[in-house]
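The residues making up each chain are set out below.
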Amino acid sequence: MASTTSNGTIQVKKKPLLQRMQKYWGFYLMFIPVLVFVAVFHYAPMFGIRYAFYSWKIIGDPVWVGLANFEKLFRQSQFTTSFWNTIVFSVVKLLLNTGMAVIISLLLNEMISLKFKKLSQTIIYLPHFMSWVVTASVFSLLLSPSENGLVNQLLIRMGLIDKGIYYLADKQQWRVWYYIINVWRETGWQTIIFMATLTGIDPGIYEAASIDGAGRWQKMWYVTFPALGNTIITVLILNLAKIMNLFESVFVLQNDSVRRATNVLQTYVYYQTFNSGASADYGYTTAVGLFRSLVGLALMLICNYASKKVRGRGIV
Amino acid sequence: MKKLISLILVLALCAGLVTVTASADDKLKIVVMVDGTVLDQNNGRDAIEARWEELHPEYDLEFVQPDHSAYYDVMQQRISSGDWPDVLILSSTYYAEYAAAGVLWDMTEAWENSKTKNSGRFTGDNVFEGLKIDGKLYGFAPTRGNGCVTYVKKAWMDACGITEAPTTYEAYIDMLKAFRDKYGTYAVAAAGFVGTEAPYVNYLPEFYQDAYPFFVQQEDGTWVDGFTQDSMKAALQRIQDAVADGLIDKETLTNKTSDARNKFYDDKFGVFTYWAGTWATNLKTNLEANGKDGELVALKPLEGNPLYYDRVPPVWCITAKCAHPQEVFDGFIDTMLDGGDTQMLWEYGAEGTHWTREAGTVLAGTEKEATYEAGQFHMLENLEKAGTLYTKNHIDPMLALAGFEEGYDDPRSVEPEALAAAELFNNNSRLASIVPVTDVLSELNGELTTIKNEIIADIALGNMSVEEGYQKFADEGALDMSNEIVESLNALN
Numbered sequence: 001m002a003s004t005t006s007n008g009t010i011q012v013k014k015k016p017l018l019q020r021m022q023k024y025w026g027f028y029l030m031f032i033p034v035l036v037f038v039a040v041f042h043y044a045p046m047f048g049i050r051y052a053f054y055s056w057k058i059i060g061d062p063v064w065v066g067l068a069n070f071e072k073l074f075r076q077s078q079f080t081t082s083f084w085n086t087i088v089f090s091v092v093k094l095l096l097n098t099g100m101a102v103i104i105s106l107l108l109n110e111m112i113s114l115k116f117k118k119l120s121q122t123i124i125y126l127p128h129f130m131s132w133v134v135t136a137s138v139f140s141l142l143l144s145p146s147e148n149g150l151v152n153q154l155l156i157r158m159g160l161i162d163k164g165i166y167y168l169a170d171k172q173q174w175r176v177w178y179y180i181i182n183v184w185r186e187t188g189w190q191t192i193i194f195m196a197t198l199t200g201i202d203p204g205i206y207e208a209a210s211i212d213g214a215g216r217w218q219k220m221w222y223v224t225f226p227a228l229g230n231t232i233i234t235v236l237i238l239n240l241a242k243i244m245n246l247f248e249s250v251f252v253l254q255n256d257s258v259r260r261a262t263n264v265l266q267t268y269v270y271y272q273t274f275n276s277g278a279s280a281d282y283g284y285t286t287a288v289g290l291f292r293s294l295v296g297l298a299l300m301l302i303c304n305y306a307s308k309k310v311r312g313r314g315i316v
Numbered sequence: 001m002k003k004l005i006s007l008i009l010v011l012a013l014c015a016g017l018v019t020v021t022a023s024a025d026d027k028l029k030i031v032v033m034v035d036g037t038v039l040d041q042n043n044g045r046d047a048i049e050a051r052w053e054e055l056h057p058e059y060d061l062e063f064v065q066p067d068h069s070a071y072y073d074v075m076q077q078r079i080s081s082g083d084w085p086d087v088l089i090l091s092s093t094y095y096a097e098y099a100a101a102g103v104l105w106d107m108t109e110a111w112e113n114s115k116t117k118n119s120g121r122f123t124g125d126n127v128f129e130g131l132k133i134d135g136k137l138y139g140f141a142p143t144r145g146n147g148c149v150t151y152v153k154k155a156w157m158d159a160c161g162i163t164e165a166p167t168t169y170e171a172y173i174d175m176l177k178a179f180r181d182k183y184g185t186y187a188v189a190a191a192g193f194v195g196t197e198a199p200y201v202n203y204l205p206e207f208y209q210d211a212y213p214f215f216v217q218q219e220d221g222t223w224v225d226g227f228t229q230d231s232m233k234a235a236l237q238r239i240q241d242a243v244a245d246g247l248i249d250k251e252t253l254t255n256k257t258s259d260a261r262n263k264f265y266d267d268k269f270g271v272f273t274y275w276a277g278t279w280a281t282n283l284k285t286n287l288e289a290n291g292k293d294g295e296l297v298a299l300k301p302l303e304g305n306p307l308y309y310d311r312v313p314p315v316w317c318i319t320a321k322c323a324h325p326q327e328v329f330d331g332f333i334d335t336m337l338d339g340g341d342t343q344m345l346w347e348y349g350a351e352g353t354h355w356t357r358e359a360g361t362v363l364a365g366t367e368k369e370a371t372y373e374a375g376q377f378h379m380l381e382n383l384e385k386a387g388t389l390y391t392k393n394h395i396d397p398m399l400a401l402a403g404f405e406e407g408y409d410d411p412r413s414v415e416p417e418a419l420a421a422a423e424l425f426n427n428n429s430r431l432a433s434i435v436p437v438t439d440v441l442s443e444l445n446g447e448l449t450t451i452k453n454e455i456i457a458d459i460a461l462g463n464m465s466v467e468e469g470y471q472k473f474a475d476e477g478a479l480d481m482s483n484e485i486v487e488s489l490n491a492l493n
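Line order of the protein sequences matches chains A and B.
Take 1 as the starting number for the first sequence in the numbering used here and just add one per residue.
Take 1 as the starting number for the second sequence in the numbering used here and just add one per residue.
Do not rely on the hints blindly, as some may be mistaken.
[As the list claims (entries may be wrong)] Here are the simulated BS3-like pairs of lysine-lysine, each with C-alpha atoms no more than 27 angstroms apart in a straight line:
#1 B/385 - A/163
#2 A/171 - B/256
#3 A/171 - B/182
#4 A/163 - B/368
#5 B/300 - B/321
#6 B/256 - A/163
[What the hints assert, rightly or not] Here are a few chain A residues that face chain B, going by a calculated C-beta distance under 7 angstroms:
#7 59
#8 140
#9 169
#10 172
#11 256
#12 259
Hint data in this document are derived by calculation from the structure and do not stem from the laboratory.
Remember, it's a predicted structure, so these values are computed and weren't measured experimentally.
All C-beta atoms, glycine included, are put in the ideal place defined by N, C-alpha and C.
Whenever a hint applies, use it, and build me the whole structure from the sequences.
Structure, rendered in structure tokens:
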């Protein structure tokens, strides 16, 4: 029902909620499964957070320990290492992947042959669809120090090294290869969003630049690259909120020699749980998980704030 | 609406009646929680349950069988909720912990008076001694845990002019050097320089010898951390030397078991320590499938070396909340190795579903097609995986701790090389010990194990000397953790 106010604007009076629900009952009915799913699988498990304040080894009743699990957490050197590794691995990976995705997108955009462009796109997207387990197996073989290791054999034949290097067993080399493998697997997939932006650039701008005498490099530098700027920032911000979720890519590439130097929070929790030779203290591992979630939440709030500043709207 | 309410009421009444009928039945219900080591519902478990109830009409059997990979999660949730099953199957880690926490029924007396123990067919006294915790038995193992023996390629020995299998460490190393020199490759590979579960050292027994990286109880009953003992330092030196000499594949660090097996099949190396029994046949057939000579020589433990380790087998336990533990023991546990129809059921499954003696053809139209005459025992086609045959149910016939009664139609048919490897292992093995769980061990051992494994890997690869490794162990607080755990274990004495 609408009524006109004294200043001439029309004010629409909302019907009561129940009446509106009755009117749109079909939509509400369709929403029920989603509501139940979210409640059961996203909100109900949150009650488990309370175990962060207990000591609990599954058998028997949980024992209240207050903040003791968190005190223990900050005393453990492995926790600190894992926390910093999570941050460093994620941020470096994010910057490298995004940087490479931008470069490859620009190169793809410059390709004249449409067939070759499509073929190139397909080839660079494919690694994304390989599971991390398969990726780890493939790279273990490529990086093998034996005569089967392609990388070592190439370097030996080029005269750069005398004998095979065991890259995945070396703490420093492991990190380098971890980033390379991530770039190889994820960069192609990330180019999709940049390619979409590039496709949306008005061809008229390029024509205008040509009329102004701009060459190919100048058009790329002064037209294409600035057009990508907003997308790059958006991608960085959106991914920054997810940087605490690091497990599989690290886990499948680890071995005994590098495990402590390369643990991230989620692999740390895994080894605390399954490497103890006994039932783990689920209270402690929940505390680590809760800490990780809180850091993730803080990052998400920061990103949301940054997104509002940069894009004029939040990330959700 | 009234009709709907009436229908609901009728259904509820029917359900109630069914419940009343079931509870009025004087059968003793046994709720059994089991992992995927018993054939599951998709593989004819109902037929197994029906046959078991036919053999034991005084009981009503109910299986609770989560997905194999999720078994311990679901089992722990069930225990923590207080809704305990009557019987459950446990690995050695949970067995020791649950026994200490009072979750398990003490079956020591029931076992001593059991038909199985006193049958004259039982051969697992040493296994059961190893299962005792503070002299008490809380679980029943129908089989050995099995372990690894060292296989040497006969063709490689012949090519190097080695006519006798080595019996000493020196002869063993000479053989590895001969292999390395002849084939230009390492001679031994494994999946990891140290295992991820007890008995940890079973993939490189000739090098570890009497060393053990976990906690061990000495003869006087006191506990020590095997990693801190001189025997471990000597073992690490042997491994480092062998890797440096090119005798052990340095990629042992990152090898998975499948990698090690594939390298063996590809003739990348000649000496492989792997599971006894059926795996002897698998190794042989896979080598032959790759066009290699499949003949393998299983080595006895080297002179002066301890016996091979037999894994602590998974055990069947009765929970402390079971209302009739003795009856459940008599009906369920003590009949598993009865030497007759129940043992047949646990070893091979249900007749007509998993095996038969009727004439017929299995895997018709495939390369593995086989035709059997009436009376000839044979396994049937897998219900879930067409084109393959069932091989067993829960109990591996080759590992069973008791044979069938004399005169019972034992269908056991084992390849000669598998039997030879299994016999060699059974005659030359000892049970890995069970370490009781303390709060300190539970808290510290995760990090301690990670440090130990890193030091083992770094020493093996020559990244540090043995002395440097042990210095690192002390400097990084691992020695303190180790001492704390040892103290907590000794406090149990």
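ask   = Of the hints given before, which are not true for this structure?
value = Hint check: 1, 3, 4, 5, 10 fail, others pass.
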